[in-house]
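Trainee: Full structure from sequences and hints, please.
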Amino acid sequence: MAREKLILHPDRFFDTSPKVNKIAKELYASVKNTPILSPHGHVNPVIFSDPNYKFGNPAELFIIPDHYLFRMLYSQGIPMESLGVPRIDGGPVETDPKKIWKTFADNFYLYRGTPTGIWFEYGLKEVFNIKYRLCAETAMGIYSEIDEKLKSPEFSPRALYKKFNIELLATTDAATDTLEHHKKIRDSGWNGRIIPTFRPDGVIDLSDKNWKNNIEVLAGFSKITITDYSSYINAIKNRRQYFKAMGATAADIVALYPVTEELPQQEADRIFKKALSEGASQEETNRFTAHIIMEMVRLSVEDGLVMQFHVGCYRNHNREVFEKFGPDKGCDMPLSIEFTKSLQPLLNKYGNNPGFSIICFTLDETNYSRELAPLAGHYPAMKVGPAWWFHDSINGMQRYRQQVIETAGLYNTTGFVDDTRAFLSIPARHDLSRRIDANWIAGLVAKNIITMNDGFEMIQDTAYRLAKKAYRL
Amino acid sequence: MAREKLILHPDRFFDTSPKVNKIAKELYASVKNTPILSPHGHVNPVIFSDPNYKFGNPAELFIIPDHYLFRMLYSQGIPMESLGVPRIDGGPVETDPKKIWKTFADNFYLYRGTPTGIWFEYGLKEVFNIKYRLCAETAMGIYSEIDEKLKSPEFSPRALYKKFNIELLATTDAATDTLEHHKKIRDSGWNGRIIPTFRPDGVIDLSDKNWKNNIEVLAGFSKITITDYSSYINAIKNRRQYFKAMGATAADIVALYPVTEELPQQEADRIFKKALSEGASQEETNRFTAHIIMEMVRLSVEDGLVMQFHVGCYRNHNREVFEKFGPDKGCDMPLSIEFTKSLQPLLNKYGNNPGFSIICFTLDETNYSRELAPLAGHYPAMKVGPAWWFHDSINGMQRYRQQVIETAGLYNTTGFVDDTRAFLSIPARHDLSRRIDANWIAGLVAKNIITMNDGFEMIQDTAYRLAKKAYRL
Amino acid sequence: MAREKLILHPDRFFDTSPKVNKIAKELYASVKNTPILSPHGHVNPVIFSDPNYKFGNPAELFIIPDHYLFRMLYSQGIPMESLGVPRIDGGPVETDPKKIWKTFADNFYLYRGTPTGIWFEYGLKEVFNIKYRLCAETAMGIYSEIDEKLKSPEFSPRALYKKFNIELLATTDAATDTLEHHKKIRDSGWNGRIIPTFRPDGVIDLSDKNWKNNIEVLAGFSKITITDYSSYINAIKNRRQYFKAMGATAADIVALYPVTEELPQQEADRIFKKALSEGASQEETNRFTAHIIMEMVRLSVEDGLVMQFHVGCYRNHNREVFEKFGPDKGCDMPLSIEFTKSLQPLLNKYGNNPGFSIICFTLDETNYSRELAPLAGHYPAMKVGPAWWFHDSINGMQRYRQQVIETAGLYNTTGFVDDTRAFLSIPARHDLSRRIDANWIAGLVAKNIITMNDGFEMIQDTAYRLAKKAYRL
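Residue numbers (this note's numbering), protein chains in the order written: chain A, 1 to 473; chain P, 1 to 473; chain W, 1 to 473.
No wet-lab data here; the hints were simulated from the structure.
Please read these numbers as outputs of a predicted model, since none were measured by experiment.
It is possible that part of the hints are untrue.
Since the list gives no way to pick one copy over another, a pair counts as held whenever it fits inside one copy or between any two copies.
[What the hints assert, rightly or not] Simulated pairs of lysine to aspartate or glutamate, EDC-like, Cα-Cα distance not exceeding 16 Å:
1) Lys349 x Glu320
2) Lys102 x Glu295
3) Lys162 x Glu180
4) Lys349 x Glu323
Mentor: What follows is the structure, given as structure tokens:
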């Protein structure tokens, strides 16, 4: 690879048809500077609670915490140790950030045509104003340039939050989280809006190995003695209230499969108690999950928290990596998912209630046209979340638009919602999605499927208004 | 929304590439005036049996009976009552058609980019010559204009049948239907061709709550005392003969899953009798369904009725709506479907018979390239039906072409077949499909995959000839 | 059909957008003359072992052995007998090659828009320099022209191998194959590189009706008395060594489903012995299959043979055709497949080993973005094979690129690998795939997703380098 200028072409990602290209540019221009709403993600709030927080070196910022990036390197036989990914047992890993950076740079060709590559280059150019593409030759120069900049106050998270034009950023937080950083942020008087999201996995998944411990913590925080199913639900309600008080507008429910089925209260109580004492069987755990999803809906109906529903991800598929490095190391794999039958109990009980809102996410794209769009195109309570995770990409977003909108309509979707641990990638992701949506809508206009007036409305909807409404921001 | 002119652009839906666009126009022009064959649908024959039949007001014509339209409004929290959809219990619903129309118009933006929106605007412009797009401001003016026109003889169903250039229209009729309207139409000497289709759900689905009653009606009509499986099949044969005598060329078999498996005659007889007396179990019902599909094929082989096979639709998913408003209210949802193993017994017994014809429809698009195209590309008896229901849309038809034709070949498909209760949408649907097919074929020509001569043949095939052949019209 | 010139347009299959078209041409030009690697296929090595081998007449060359071709004719009701496909019972079939050719020519319109049609016309023009398209009128002239040419030495398989610019061609051979033709080829001193591939179906699939017999042959060839599981595995190892000595770099493992699960050695031994004596049950056969896949991986880790893994094909779906004509008659049908859970045991045991290489093929395209790309984008040992069989087509390859690369990256795929019995179609298939890849990459360049420099690297990778690396050639 020879040294190449790093250029972000102003028309990038748009169709080359002059007619579509021109309209896409106009539509994109109309939302380029629209504020960013980020109502779902995994940024650590600690970076905002300390006004003087500094990101570490370039390897710490870009590579070590980003499983999108290092999974690709790992897939090509590069050990995670050599990328500085910390081992659970504290065993030796590469500690020289420059070596880690060099390994990444040497292999940057692997990201050709991937969203990861696109986001990374956006960050290089738009955030750090780097002049050349990353390669073996340019690696260390770019390292130094970024390293230098990261030390300046302009590159503090709070400064970048403003620079990125973010209006709201939601984190995702365990039911047992103290939300201390959210509290600090609120108390600091800073005018950024960082809100928590209630994610109760740890206390509703009976198979979580820390479940009992989490129940104790939950009891402690809620000051409710948990002895049975009823006190358990009360404790959860209590926590949801706390999250709401701290600004949360949504909960995030995660399950392997979207199977829903209400248990008789007595049976839920029995399984809960068994889980607390001797532990629940696999079969009981599954039935409890199907039930607790219904309960989480019931609580959402009561307290108004929007219910995000993320299903179909087999976590920690690679046991060796999980045991050595822990979760979130690029080893989560999608599963084939069924919604029509699975969600029927939930939708029959709560789906006709326009005051309730459930946003469904899937990694199985066959659900788009077969199940999610038809369901969301009918049930008042249901919305289809955007192309998620692996599918938050150019082709992924295009497939989503082509397979969802004709049946669900645009207004039963949520517009773009990013989902990342990497704060720096947020503007890159929104820029990409706005471009792809502008291009999609431009295609509709150019083919006379919609009018240009409709197009301008739709691009505002996808970039901002739909998320604002769906997440009740 | 400001008032906008309603324009149907002459090149609408075609690619913007000048090369493709030009060819698409030529191909479309060659079939624009080709007569319409509509060999499958759900138009009520009563509108043709009375020469002076008048459609009601605009709400009765466009909104109240069209679940494509009102499901979108309902999904956004608009009660069906406010749209005038009649309740089973006769409870109060909106009766002012102007109010209903206004609600629809106020929310017409919901249909942006949907086929429903496209069909509706086609009707406005091409049938009623409306000048402006529907919105809050134009709503009542458009209402009056349509309402006025509907009173004139030019807008009677028979007049529109001619205006739409329809050559044949098939209805779908229960095995227990008297076909009285078809008889009246034939007796009237009118030269429109309205034929029935034999759809025996009510008498072959043991789980239908009216099944026993339907069997009695069947016995009455066929004048065959039904006491066992053999007399039951004879009665069905008798009805098929009647339908044939009334012009039918096809039967329509509907099942949740395409599972087929012949039972020993004795076992079929046992289950049938049990269903008649105490009722069949769920498991027996499923096995009977797998068997009766095979029997329907056997009868088709005997009497030559083409067998349409519509599977994978979970009817009346929303129990509350079903109980309040009945079936066909936008609550039918697609299921994940398997054909390769399920159809093997059927195809092994009858699939090599070129004298038999089975046309398969699915709502699970993963079947296209994985199962339907490979099967239809081999078995002489099998054809792939067109993109169905939710997928009878711009992107849906494009996905169909891209996923079916390379493996099945065009000549193992049926060309376009609409499927609607809404008589007025028929020309809109054919116009859309002819445009999408012209555009698809133009792409093949422009990329030198086929020649222009081939293209002209193919567009005639998709618009007319394939359906004529497949349905034996 | 009137007589039409047969023209292979130099820009065929490229987008009509001038920008993409121009770049595609440049990219394609850079690999047009790159040597062909064909590391997987089903060409009979006998055609190379005899230096003077002559192909038969045009029907014998193009139609009778090519199930891609005749399945389409059969699907339209043309009996295989009339196409000269030999019956197992030796019963009468058409023997006049001219009649067979005429039937094919009369129906050549069936292949419009299919890859089969494209490959065939490429052969006509590029190999035989035919001037007109095949149709009823031109049929016999073309027949004579081809028939004449086939008699000349320029059209011997060895001469064509050179003309086609093939660098390597792998055959697929049973574990019980003598590889005598491979030996002859090597001994002949001819400098073509024809290598075998170890495909052990016959000895690892307990449901194969010749299994016991195959085990005897295996014992004979390996000179190992097979009495238990351990001696059985040793015999297989022995054969793998022989294949390696004859040039093999890969094994090819085939299974209905990719389910993997290691059995305790004792249990494997028990089932193996039971299979040898009284026969294994269906359930035992399935468990043995899940186990033996793991064993084949273990052996690959030991001996370095790359493991191809072809799953999801229901062979000989049409029993009547199978009984009359045998296997490979166009009756193999795809199944719905699950990889994430099924492959977990395999990937957990061997997937982190960068010294092992498993290449996965599927006929279920839903696996691309849902499972194969996420898995290959993480596990060092896993690669995604190219669009296979029915999907080795223009749209099929485009869907593959769009659904795999963003998540897996290009470098966890193998580039193009053809898969055919029809030697003459090999250059046609590579030409098509190079064009489709050039066009795909051109789209990335034109939309500024990658740079032109990246594009030139990627087209070399897809056309040649990735296959060379993945198959260790």
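Trainee: The structure should be examined with respect to each hint, and the outcome stated for every one.
Mentor: Going through the hints against the structure:
When the C-alpha separation of Lys349 and Glu320 is checked against a cutoff of 16 Å, the pair qualifies only between copies, where the shortest distance is 9 Å, while the shortest distance within a copy is 42 Å. In this assembly of identical chains, Lys102 and Glu295 lie within 16 Å of each other by CA distance neither inside one copy nor across copies; the values are 50 Å within and 38 Å between. In this assembly of identical chains, Lys162 and Glu180 lie within 16 Å of each other by CA distance neither inside one copy nor across copies; the values are 22 Å within and 73 Å between. Proximity of Lys349 to Glu323 under the C-alpha cut-off of 16 Å is restricted to the inter-copy arrangement: shortest distance 14 Å between copies versus 41 Å within a copy.
Checked against the numbered hints above, the structure breaks hints 2 and 3 and satisfies the rest.
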